[in-house]
Every structure is written in structure tokens, then in C-alpha cells.
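Below are the chains, spelled out letter by letter.
Protein chains: 2
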Amino acid sequence: MSDAKTGMKPCARPFLAAAKDFASGKDTPRAFLERCLAETDAREKDILAYVATNIEGARAAADASSQRWRDGRPLSPIDGMPVGIKDVIETADMPTGMGSPLYDGWSPGHDAASVHALREAGAVIVGKTVTTEFAASEPGPTRNPWDTSRTPGGSSSGSAAGVAAGYFSAALGTQVIGSILRPSSYCGVIGYKPTFGTINRGGSHDYMSQSSQGVIAASLDDCWQAAWEISQRCGGDPGYGGLAGPASLPQAPAPKTLVLLETAGWAEASDEAKTRMLEAAESLRAAGISVLTRKDSADIEAAEQALVECMGISRTVNAWESRWPLNTYRDRDAAKLSKAMYDRSLEAEAMNLDDYRKAIARRAEIRAVYARLAGIADCCITLAASAAAPVGLRSTGSALFAVTSSMLGAPSLSLPVLQEEGLPLGMQVIGFDNRDAHAFAVSHSILNTLDPARAVRA
Amino acid sequence: MSDAKTGMKPCARPFLAAAKDFASGKDTPRAFLERCLAETDAREKDILAYVATNIEGARAAADASSQRWRDGRPLSPIDGMPVGIKDVIETADMPTGMGSPLYDGWSPGHDAASVHALREAGAVIVGKTVTTEFAASEPGPTRNPWDTSRTPGGSSSGSAAGVAAGYFSAALGTQVIGSILRPSSYCGVIGYKPTFGTINRGGSHDYMSQSSQGVIAASLDDCWQAAWEISQRCGGDPGYGGLAGPASLPQAPAPKTLVLLETAGWAEASDEAKTRMLEAAESLRAAGISVLTRKDSADIEAAEQALVECMGISRTVNAWESRWPLNTYRDRDAAKLSKAMYDRSLEAEAMNLDDYRKAIARRAEIRAVYARLAGIADCCITLAASAAAPVGLRSTGSALFAVTSSMLGAPSLSLPVLQEEGLPLGMQVIGFDNRDAHAFAVSHSILNTLDPARAVRA
Chain A
0 MSDAKTGMKP CARPFLAAAK DFASGKDTPR AFLERCLAET DAREKDILAY VATNIEGARA
60 AADASSQRWR DGRPLSPIDG MPVGIKDVIE TADMPTGMGS PLYDGWSPGH DAASVHALRE
120 AGAVIVGKTV TTEFAASEPG PTRNPWDTSR TPGGSSSGSA AGVAAGYFSA ALGTQVIGSI
180 LRPSSYCGVI GYKPTFGTIN RGGSHDYMSQ SSQGVIAASL DDCWQAAWEI SQRCGGDPGY
240 GGLAGPASLP QAPAPKTLVL LETAGWAEAS DEAKTRMLEA AESLRAAGIS VLTRKDSADI
300 EAAEQALVEC MGISRTVNAW ESRWPLNTYR DRDAAKLSKA MYDRSLEAEA MNLDDYRKAI
360 ARRAEIRAVY ARLAGIADCC ITLAASAAAP VGLRSTGSAL FAVTSSMLGA PSLSLPVLQE
420 EGLPLGMQVI GFDNRDAHAF AVSHSILNTL DPARAVRA
Chain B
0 MSDAKTGMKP CARPFLAAAK DFASGKDTPR AFLERCLAET DAREKDILAY VATNIEGARA
60 AADASSQRWR DGRPLSPIDG MPVGIKDVIE TADMPTGMGS PLYDGWSPGH DAASVHALRE
120 AGAVIVGKTV TTEFAASEPG PTRNPWDTSR TPGGSSSGSA AGVAAGYFSA ALGTQVIGSI
180 LRPSSYCGVI GYKPTFGTIN RGGSHDYMSQ SSQGVIAASL DDCWQAAWEI SQRCGGDPGY
240 GGLAGPASLP QAPAPKTLVL LETAGWAEAS DEAKTRMLEA AESLRAAGIS VLTRKDSADI
300 EAAEQALVEC MGISRTVNAW ESRWPLNTYR DRDAAKLSKA MYDRSLEAEA MNLDDYRKAI
360 ARRAEIRAVY ARLAGIADCC ITLAASAAAP VGLRSTGSAL FAVTSSMLGA PSLSLPVLQE
420 EGLPLGMQVI GFDNRDAHAF AVSHSILNTL DPARAVRA
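So the sequences go chain by chain: A and B. Position one of the first sequence corresponds to residue 0 (numbering that gives the first Met the number 0), numbered consecutively onward. Position one of the second sequence corresponds to residue 0 (numbering that gives the first Met the number 0), numbered consecutively onward.
Rather than coming from a laboratory, the hints here were simulated on the basis of the structure. No experiment lies behind these values; they were computed from the predicted model shown. There's no promise every hint is true.
Capping the alpha-carbon separation at 35 Å, the derived lysine-lysine pairs in DSBU-like fashion look like this [to be verified]:
1. A:Lys255 with B:Lys357
2. A:Lys357 with B:Lys357
3. A:Lys44 with A:Lys19
4. A:Lys44 with A:Lys25
5. A:Lys255 with A:Lys294
6. A:Lys294 with A:Lys273
7. A:Lys357 with B:Lys255
8. A:Lys4 with A:Lys273
9. B:Lys8 with B:Lys25
In isolation and in its complexed conformation, chain A is listed as follows (with noise of 0.2 Å):
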């Protein structure tokens, strides 16, 4: 479908697949970035994806790699990917405004710990991307490139609709509630939340303790490799061991078990988005996977009922750890705050040490009852957000499915394959701590048998 408004559609472009060209110069990063940039002069007085872009080092970068294809030097897979790159993380060449006031123009002079590793990697970063305000729920002016009358999901909006509107393969996000899942969703793109710990947070704004830096790709092997290449050049969170896993996207043998979960989603899931999930499970058991459901297994039982405090739990969990930085925002200027945010502040300070502490027993106690699933699966299945993307700006839609990983600290992923009025509706893969390569196996093998044009590999 095409925008109603626009009438321009969508246009992801995979660079893997293109990057197959560069080494006989029949096509070329340059050339690759001439095409995204194309596209953003004709899409972005609608989309308004971007905060800041930084074109002369882009093309520069993209020359740069090009000359090393030519030489059949490439530094990585990756190297001449255009990549965006969400405004709560650090970047030398431009500034780092965090969707607030407080950050106009701010720039911390350095590079956070993923952006350097990109470039290493040979990544061309094109620019930053509209967060919304600290990465929580206050929107910025980003539309959804299927329908500009609709949000993009946040808070990595502009990630998502960039990704989808084709300005970059890649996008750099951070999700602690819904924040990488459900743009992805709404945008029909790739997004992979990791395993906490797994992508270096260093110079990403989102110091809390389910929050985690992802990608948002235009394929899955876009995805993959991009997370690959961050991680062998940054590594992890300091303590953890980064991403395990293969050198290009894990290979696809159908998983055995997956387990459809309803979360406290389901409640509130639309009629066609519930039928379009129940109706791809039928399609994965007819593909010979057993998929089983709350009412195969205690375990799953339990589960499910464990998995409903998800949001309060995470709520809870966040409002104590933006006791800081919130603090010092409202010493700063208060007025400068959204009122959503001022109203966190005050939650937080409402807060005690002891409120937390029992917010995240209850949160560990949840995590075991989930792992217990990993003995009689390969990964969960559900949606990733409850509907197609919502009409209006003024929201970032709801984030109870997409909430459930990130309380889980575990991997998951939203895959572009369902639909719901026409628009694009995620189904969200959720897998085991540290198991992220398993969880792109098995998406890998969804995407070939739900929509095998999108699983073509490069």
C-alpha cells in the first residue's frame, strides 16, 4: 500500500543483498547512499525521521568504502551501511539532543561505544534519529511512513520510520519498555531487542536495568550482522560477554517447539491482529512445528500468569531508576520537562530504596518461571504490539506486548509478517538469555515459512 497522504510507498532497502554487487562495481556504497538520500529529499518533509544528519561525512564515509570493495579490502559485511542513529546516543559529528529541550545542541564530543564500532566496521552513519523525550513516552514529530496520519512508535521512531522510509538499512535503538519491538511493528521493519548486557551501553542514555541498545534492520541478515559487527568491535556491558553467535546470520533449521504466549497483551490485542497471530501459528503447525499454548503445560500456565505483571513491574522498576538523572533535570528546569516526565519525577521520588528492592525480587522470580520454558521450546511466539499502528502523533500506541522481553532482560524480535488493516503488524519472537543466535535461527525460519521473499538471504 502507499501512503494515503503521499502516495509514496515504503521502501526498506537490505544492504546485504545490494553488497553483493560492490566488489565488481556494478553497484557501490556511494551509489547505495546516493539512493537512500534520494529518498529521504523526496520523503522527509513528511516523516521527519531525522534530528540531525551529517550528509558531507556520509559520503565521504561511503567513498571511503567503496574504494575498499574495489579493493576487495571491505573492513567488514557491513562496511558502506548507511545507518541511523537514535538521539540518546553519543556521536562525535553531531549533537546529542535526547528529544529534550534541556539537550538542544548538546554534543559530548565522542562517539558512544556502538557508533565507534560501526565505523570501525566501515558503517557510513548518516545521522541522528528522533527519540522521544529521554526515550520514554513524550513524542517527537516522526510519522509512519505507511501512513503519515500515524505514529511511528517510540521511543526509536525515528529508527523505525527511517529504516522503513529506506534512509538506512540499519538504526541503532534502545528499548527498556516497548521502545525497539514496537516501532518495528508498527513500521514493518526488523527489530531485535538483545539479551541485557549484550550491545555496550557505553554513551547510549538509558542507564537503567532492563533497558538495552538494539537494531532495527530493513532484513534479517541485515539485523544480525550489524549487531555481529558492534559487538566483536565493543563487546557487551562491561561484565558481559557480548553477542554469541556465528560470523553471518544463524541458518534456519525449523525449530521443534514454540510456545504462543498471550501475555497481558491479549486482553487488549485488536479482533484481526488476534486472528492474524492465531492464524500464523496454524501456518507454522502446518509447516510441522508444534506450537504449543497456556493450555499444553503448567509450566506455560504459569507462565502466562506471571508474565501479566510485566508493565507495573517495569513501571515501577524505571520510575526508581530515573530517580536520577530526573533529579537533576528539574533542578536544571523544570519547566523544560514534559509533563509525563515531571510526573515521573514525582512517582520517583515517592519511591523508596525497599519499593525497588521488592520490584526486583518479584522481577527475578518472574525470569525463573519463564526460564523453566526453555526445557520445552525453542522461543515464544506472540504479537508485537497489540494493533497496526495508531492514527494520531500524540501517542507512541500501547507496549504490553512488546514490554515482556524487556522485563525478561531476554532477546526478542519483531518480524514483519503479519498485517492488520493493511499495515504492518509484528510478530514478536521472545528467546532465552544469551541464546539470541538461536532466536534469529528460529526467525529466520519463520520469515522462510510465513513470507519467504522476505527471508531471501544475500
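Let chain A serve as the given structure and place chain B on it in line with the hints.
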């Protein structure tokens, strides 16, 4: 003793002992601060503990505190306590220079989590204290108040020297190798490195998996109270429950059993240091405490054998974890890095993710070996440094003893109960994960036994 050059004696200023006179008005936080400032005026030209001060702000804060005590409404027991902040920890009112010309005059515009918490508790932030370059090995100008021809140790050089010289009752420090315990030992003050994660590092530039923020103080109860008040207001690192324990210094029932560890440090310790440590162990035995050694238990012998690896593993872990941001510093201006720091960046570049994974896997094994000692002893004791502060300012001394608790992630204290060549030397108390309060209780008991004058409580 007094310093040979200046003829002045160190004069640590415990705060809680003085605070009992604040309610009556016999003493006030402002008067307390003025005594600290007078000492600073007299000695700072020789000690050089400060990078920056905010005297006007400190006096205003002390006046407000004096009024609260007069009104019978102090914000906490440390309301009015003068505190110094290591210059890798962010402050709203003073620059954060990190001991590097790359950050000369840099200001983040806000307080770190712990600094904000201290202000909420009424503490008086007097100034920023000298750190080695990026809290690593390249020394700053600070001199040891006991003998200004000697190093105060590092990297929390100014924090330890300032407490010893009576500039403030407590100071924040950070330790990733030996940066709290070593200067505390050399300067004859209480040093506390918490269990990993116990004090929120938000806004502190020590993003490493062994790094802890901790407190250096003039007395054991000042130390506990400052740490506890901070933790109540900003908690631990995200995902950690903060400092567990009572609202004032844990009481001191005598420990039943201690383990006297040698660690790798014993081989380099001076004869006098070893003699003093063994004499102290005899004194503890004479007081009825069982002090075991490697000859007494296979578990202790196994721990001793494992702990010799602490320094090597820590260096490997730190090198990888410094890859970022060191690579960004090098990009900006390599000439502004010390040779030691530049060499570390090269070491980091030569490593890969697998090297790091092996190091943290081995670290986990050693931690498990050490944890078995929790079944047989209250705490472990050893030297905090291999000798008194060495002469000269070009090195901050050996951290071979202090690194043990850093690698373990365990809580530890340096207690100023030993001497070498008439200079201070710390006894190190190493506890077990999240049992920081018990390590304080044991320390309290050790002080009572070995140095009753120091153990007097307010």
C-alpha cells in the same frame, strides 16, 4: 608524627563525633566547615588535593545546615558533613576534569547520582579532588599529608589526602584495581570499596565491571553513614539493591573466625609490613578470635592459589573494557593521553572479544572458589598495601594487595591500624558479596580490639 617538610600533622576530622554538639548550638556545621577551610588554607599549597573548590557554595550549604540543626530538623545524620568528590564524578557546580587535559574545564551541567544524593542528605560539597588520569595510573600532583615527599596513592589521591589532612570528613572515590584501598592505606584513613553495584555510578566515569564507587572517611561511622545515606537516596547501580544494613554503623559483636590471606601481595610486602600484620593477627587471636591461614583448610589454600591471578585478570578485563572510550580519546587527540594510557589503548586494540570472555569466565571461577570461605569465616584480613607510601610522586604505588577485592567484586575496607616506618599502613578486611554491613561490624570489632581510640563512636 609530623611531615618533615611542613612540620604539620595530619588531622582527620570525624563528623558524627562533632555533630552531637550541633543541636545545642555548641558547635555548628558552619564552624566545622571553617575549621576544615582553615586547615586547607594552611596545607593546600603542600598537599594539592583539590582540582576545584566551591567555597561560597559550601559556606551557603553549611549555613543552611546549621539552621536545620538549630531547628531540630537535620535532613540526615550527615547533614552538614563536608565532602570531597573525586574528579571523575560529575558535579553541577564544578568542572569534571578526570585528570586529563582532554577534559580540562569540562562540565556536564549536573550532579552524579551519588553527589545529588549527598546534597539531598544535607552534605556540604566542598570541592573536586585530584584523580590520576581517568582514574588509572598516571599520577596527579597530590602529596601525602604524612610526608609530602611521598605519594598519597591513587587513583583517589585527593580524596584520601584531603580526608587525612582534615579538609573534609569524607570523600567519594572509585576503585577498579586499588584506587580506594591503596590511598586509604597510605594516608591512614578509613577506605571502603563496596560490593560491586552497591553505590549508584550514574554520572561517574568508571564504566567497568570491577569498578565501584566508595567512601573514604575520617572514621568508621562517618564512612558507613555517608555510604548508607547515599544509597538510600539513589540506590545502587541499576538492577542492584543498594547498601543493605542498619541506619547507623553496624554494631560490633566480635567475629568468631577470620581468614588471614596472603594473596599475591605477600611476596612483595616489606618485612616490617608482614611483621605488623602477623602481630595484629596475634592480637586478634589473643582477643578470642580464631584466625585461620592457608595451612588450616583446603578451601583457604585453594583460594590463595586462585587469588594470585587477581592482578593479571583485572588488567585483561580493564584493557578490553577501556577499549571504548579510549579509542575516542585517541581519535580526539592522542597527544593528550599519557604514555601509559596510550599503551593501554594499544593493548585494548590487540585484544578480541574471545580474550575478554575467557578472562571473565576465569574471574567467575575464582569468585566461586573465594565464596566458599563464607562458610568458614566472617571475613578475610590481609594487608591493604605492601608497605607504607613510597617516596616520590611518579608512581602511586603497588596495588597488588588492593586488587583482590576488586577482582572478587567483594566488599572491603582499609583500616588504619598498622604502621610501617612510623607511617600509616592499612589492614584490609575483605567480606562477602552484599554482606557489606557484616564487613563493617567486623571492622568495628577489629578497631575496638586493636585501636580503641579510633573506634569510639559519636
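Verification of the supplied hints:
no.	hint	result
1	A:Lys255 with B:Lys357	32 Å, holds
2	A:Lys357 with B:Lys357	34 Å, holds
3	A:Lys44 with A:Lys19	32 Å, holds
4	A:Lys44 with A:Lys25	31 Å, holds
5	A:Lys255 with A:Lys294	18 Å, holds
6	A:Lys294 with A:Lys273	17 Å, holds
7	A:Lys357 with B:Lys255	32 Å, holds
8	A:Lys4 with A:Lys273	29 Å, holds
9	B:Lys8 with B:Lys25	26 Å, holds
When held up to the earlier numbered hints, the structure conflicts with none and fits them all.
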